[in-house]
Structure formats: C-alpha cells, structure tokens
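K.L.:
Take the sequences, apply the hints, and build the full model.
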Amino acid sequence: MKGTSMIQMLRKSPTAVAGSIIVAVVVLSALFAPWISPHSPVDTDLYSRLKPPSLKHPLGTDELGRDVLSRIIWGARVSLKVGVISVSIGMFLGVFLGLIGGYFGGVTEKTIFSFVDLLLSMPSLLLALAIVATLGPGIVQVMVAVGISLVPAFARVARGSVLTVKEQNYVLGAKALGASHFDIMARYILPNIITPIIVLATLNCAFALIMEAALSFLGIGVQPPDPTWGSILSDGRMTIRTASWVSTFSGLAITITVMGFNLLGDGLRDVLDPRMRRILQAK
Amino acid sequence: MKKVFAAPNGPSPLLHLNNVRTYFYTVEGTAKAVDDVSFTLNKSETVGLLGESGCGKSVTALSIMRLVKDPPGKIVSGKILFNGTDLLQVSSSRMKSIRGKRIAMIFQEPMTSLNPVYTIGDQISEMLVAHENMSKRESWERAVDMIAKVQIPVPEKRAHEYPHQLSGGMRQRAMIAMALACKPEILIADEPTTALDVTVQAQIIDLMLELREEFGTAIILISHDLGVIAETVERIVVMYAGKVVEEGSTLNVFDAPKHPYTRGLFKSRPKIGERSRYGRRRLLEIQGAVPNLFQLPGGCSFNPRCVEAIDACRETSPELIPMGENRMVRCHLANT
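These protein sequence lines are chains W and A, in that order.
Using numbering that gives the first Met the number 0, the final residue of the first sequence is 282, and nothing's skipped along the way.
Using numbering that gives the first Met the number 0, the final residue of the second sequence is 335, and nothing's skipped along the way.
Mixed in with the good hints there might be a few duds.
Listed next, the in silico DMTMM-like pairs over lysine to aspartate or glutamate satisfying Cα-Cα at most 20 Å (straight line) [what the hints assert, rightly or not]:
id	chain 1	residue 1	chain 2	residue 2
1	A	Lys73	W	Glu166
2	A	Lys68	W	Asp225
3	A	Lys95	W	Asp182
4	A	Lys100	W	Asp182
5	A	Lys182	A	Glu160
6	A	Lys68	W	Asp42
7	A	Lys135	W	Asp182
8	A	Lys68	W	Glu108
9	W	Lys109	A	Asp69
10	A	Lys95	W	Glu166
11	W	Lys165	A	Asp69
12	W	Lys165	A	Glu108
It is worth saying that the hints were derived from the structure and are not from the lab.
All values derive from a computational prediction rather than experimental measurement.
P.N.:
Laid out in structure tokens, this is it:
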C-alpha cells in the first residue's frame, strides 16, 4: 500500500520519470546484451578498422575493427556491476559504522569517526588508486576500492540520521518496554533512517560509475579485452582526431547514465521527503 | 538526615523507593532532579505523582525504569526495591527483561511514541515474541485480543494499520495495549492523557482503571492535572523541586491539604459555580515560578513563593513529618 503510493508519486515527478527511463534502458541493455548487440564485443576485424558510423556499425569501429555499439552495450554490464556492487559495499560498511557510532556515542563514536574522517580527508580517486595499486588491477579490486572510498559518505549520513531518530519518543518507549540495543537498532532506528540512505545510494551509483571509468581509463581498472566504458574511452583517445566516434559515444554513454542516476536520486529524494510529497500530491 | 521508611502495614510492598537521588551533572552545575524521594506502591494500587513541570515526576519514573540518560543524569544513591530486589543493583540484561514484562511505561506523546514503520499489530506482537517466547501466529492473536481489550473497534483490521492512520486517542490505546500485553505488575503512565482532548481523556482513564481490575496491575500515574489525579488514584504523592512535599490518601489530601504548596495548587483551580456565590473573583495563583534547579533557595525550596513562610523556612530544610496514617508533610508549619 505504501509502495503503490510511492510509485504513483514518482510518476508525478518529471525528473524521476526521466531518470528511471534512462536507468531502465541501461539496465535492460546490460541484461540482454548477448541478444541485442549486433556484433561480438571482442572479435577484431582488421579489414574494417576505424570505420565511421554506418548501417553495419551504427556507432563505428575502433582501431582493432571492433564494433563500438556492441562494446558499449557489453560495457554497460561491467559498469553497472561495478556501480551496484561497490555502492553496496560502501553502503553496508558505512551504514553499519554510522549506526553503531551514532547509537552508542562516546568512545565508540570517536574511534569510528576519527577513522572515517581520515578516509574522508583523502581525495576518493587517490584513495581508490592507492587501494588498486596495493591489491593489483582487476574488477573485484576496483569494486572494493570504490566501495571503500564511498564508506565515509554513508557513515556520516547514517550517523546524522541516527542522532535525530534515537531521541524520538518511540525509541524511549521501546526501551521502556524492554527492547534490547539490537532490537532498537534493527527495528526502530534502521527503518527510520533508510530514506536518506536510499537517495545517497542512487546518487553514489553515478559516482561509482565515474570512478570505475576513471580507473579503467587510467589502465588499472578492468583489464582488456573486457569492454568497459572507461577503457573504450581510453582506447579512443589515441585516434580522437581521426576517429572521434569511439571516445564520443562511450563518453556519452557515461554522461547519460550518470545523469539518469542523478535524476532518479533527486526524484526519489523529493518523493521520500514528506514536505515535498505534499506538493507532489497536490499536482 | 536519612529517614528510612517503614513499609506500610499489610502486605509487603510491590515497589518501594528508598531515598532515591537522581542528579544531572551539566556545565551549569548539578541539578538535583530527584532529591531523596521515598514512596511505596502496593499490589494493584494506584498512586498519583502530582506536581508542576520540572518538579522531578518524570525523572522519578525514569529512575524506576533505569532509563535516565547517562550522561548527564545519574542515580546517585538510594534503593528501588521491586518485590524486595533492588533494581539499582541488578544487571542491565536482567533489567531489560523486567522492563516491559514486569514494569511497563507509557508516555505523554501518543503521536510520537509508536514506531512509524510497523503496524500496531506488529508492534504489540513483537513485545510478546520478545518477552513471552510466543510463536508469531500466537502473538498476533494475542495482539488482536489486546487491541480489542483497549476498545479499539474492528481490531482484526486495525491491527494491520500504521500509527499514522490512527487518531491520538487510538494511538494512546495502542500504547496501553502494548504496555499491558505482557501483563506487567506495574504500569507507569507519564501524563498519558495530557495531549488528548477532554472526552478522550476520560475514556483513557476509565480504560486504565478497567484494565487494572482485569489484570491486577498497579499504576503510577504521573500528572499535573488535579482532576485526572482525583478521579483515578487512591494515594497521592505531591512533588516540588525534586522532593516529596506531601503524601496521603487522595481523600485526605483533597479534603485537607497540609502543605502550603498543595493548598496553593488546589486554590489555583477554577471551580464551577463559585462565581455565582461570591461574585466575579480573580483565580488565585501561586506567586513566583518553579525555582531553577541549579540555584535552589536555602531552607525549604518553596519558601520564596510561600505566603506562610517564617524565618525557620529560610534557614533549614524541613523533614517529612508523619501526620497520622500514611500521611506525610514536609513543612515546618505542619503541626501548628
């Protein structure tokens, strides 16, 4: 019942609709990549190197004659996987730390948050670079690196919300009726702080996507021949004067998807914020 | 200084507070929110804690539950004997199993006292699962039973509703259902009707009294509302600035209040029909305001506002003086 009304309200927010459509298209093309991509993403064809967009190759070919459209469609798989999994890593760790720190306060909070602030003080790309440099390149390492660099944001947002919620009457009420710390955190605090977390997760999917692209662009992310948007962009860099389509279209894929996630995140924030909800309902 | 209370005659008391002191340590100084409070609650008895805002009623209740926020609050000394066991000495896990199961508490704000993300049926059955080791289905049936007992119509349907779908009165009923689900021996109700309108107030009070009959639960009712207290409780404990100033049966206290503060409270109540007899008359009030707990006046805390104060009141703090059966007054002038 709560779910349907939320979807109905999402439909009234134009940004949320646009964002959901973009994200849905990307997710569907990633899921159905084997069926919808016109060519193999890794098969080279040296007779048709750097061909401009044509009917056979709608987005042209790269310097090894691989079909750019197919590589972008398959690249969506990797990019989304990295986005979703690294955001999940960051979210679970961050929310866990923020919840524990915010709820117990005192020394626990100080210890956790001096560590979080230490992470926060480092630029996230540099942090991710350092982690990948230590663990070695590869898709799992990229997920871990991006995930860890997202921890501080989630921990801070979670803590802030916990501090408000834990002073609510129903938390005191729950204590007065014998709830344990675990009960209170799991049943009373977590469900009531989930709204800003969901919004942050959506927005951070976009960030994770860019980080993956950046790491792959720098050559320390996902290794060839697996296509990712960052590595396609990087491959096209050499030939950008003669064959601009390789970098242009992979860059566009990143831009549009990031925009989609941001629009969806903003829309979700509006729908989940009770004050905005009233405005949307009035429409 | 210390006065040890003899347990009243008859059955051994269910709950006995003995010289409890709860202080708050802040940058402004130490606030003695509960200062040497002693009183007794017998099995299935109703006792009212009466006093103005900030007099320490709620902190007394939170001290019994051991839910005083620490820091800055701390229960400094005293004993809270529940069936003979000192609650201040038991382990925190033992305390957790007492809260809700044997001593339950409900609060003033029914609007915000329920978790907004679960249905009320869920919240009541959760209590039963936690305290009574019931299965999900069994606890749900009991929850629906309890919702029916607190006279919420169509309980099977209401159990599936969220707090925001219920009115204030309904929510307070749901809270009472939750508090009584495990049949506790004591229910502490902290201003349970303050946020509700008058007709609903009366229903909630009636409901609490009916449920007391049914479950044999003793009730500590905290209120500043003389009307609510008079209708509900058998015995009154009046508090002022962290101290008990008067104690006695409701009838005795209302008939012949001994402490100037209690008398002031009663006089500051509008009475229907008075105007016709005496003509238009200004409502009496107690002069001044509740003292700042950081800077209590010397001697009796009430002396700056007391119309009858003598020199002794400014110099020494009076003791609680026994005045006949179960009656105590903290006033130098009590015997004059």
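K.L.:
Taking the hints in turn, state whether each one holds.
P.N.:
A quick look at each hint next to the structure:
Proposed proximity of Lys73 (chain A) and Glu166 (chain W) is supported: the alpha carbons are some 18 Å apart, at most 20 Å. Note on Lys68 (chain A) and Asp225 (chain W): the hinted pairing is violated, with a Cα-Cα distance of about 57 Å set against a maximum of 20 Å. Straight-line distance between C-alpha atoms of Lys95 (chain A) and Asp182 (chain W) comes to about 12 Å, which keeps the hinted pair within the 20 Å bound. Straight-line distance between C-alpha atoms of Lys100 (chain A) and Asp182 (chain W) comes to about 16 Å, which keeps the hinted pair within the 20 Å bound.
Our distance criterion of 20 Å between C-alpha atoms is broken by Lys182 (chain A) and Glu160 (chain A), whose separation comes to about 23 Å. At most 20 Å may separate the alpha-carbon atoms for a hinted pair to count; Lys68 (chain A) and Asp42 (chain W) exceed this at roughly 67 Å. Restraint check for Lys135 (chain A) and Asp182 (chain W): the C-alpha separation of about 16 Å stays at or below 20 Å, so the hint holds. Restraint check for Lys68 (chain A) and Glu108 (chain W): satisfied, since their Cα atoms lie roughly 17 Å apart, inside the 20 Å limit.
Proximity of Lys109 (chain W) to Asp69 (chain A) is assessed by CA-CA distance (about 17 Å); at most 20 Å being required, the pair is judged to hold. Taking the CA atoms of Lys95 (chain A) and Glu166 (chain W), the gap is near 19 Å; set against the 20 Å cutoff, the hint holds. Distance check on the hinted pair: Lys165 (chain W) and Asp69 (chain A) sit about 14 Å apart at the alpha-carbon level, within 20 Å; holds. This hinted pair checks out: Lys165 (chain W) and Glu108 (chain A) have alpha carbons roughly 16 Å apart, not beyond 20 Å.
In terms of the numbered hints stated before, the structure departs from hints 2, 5, 6, listed from lowest to highest.
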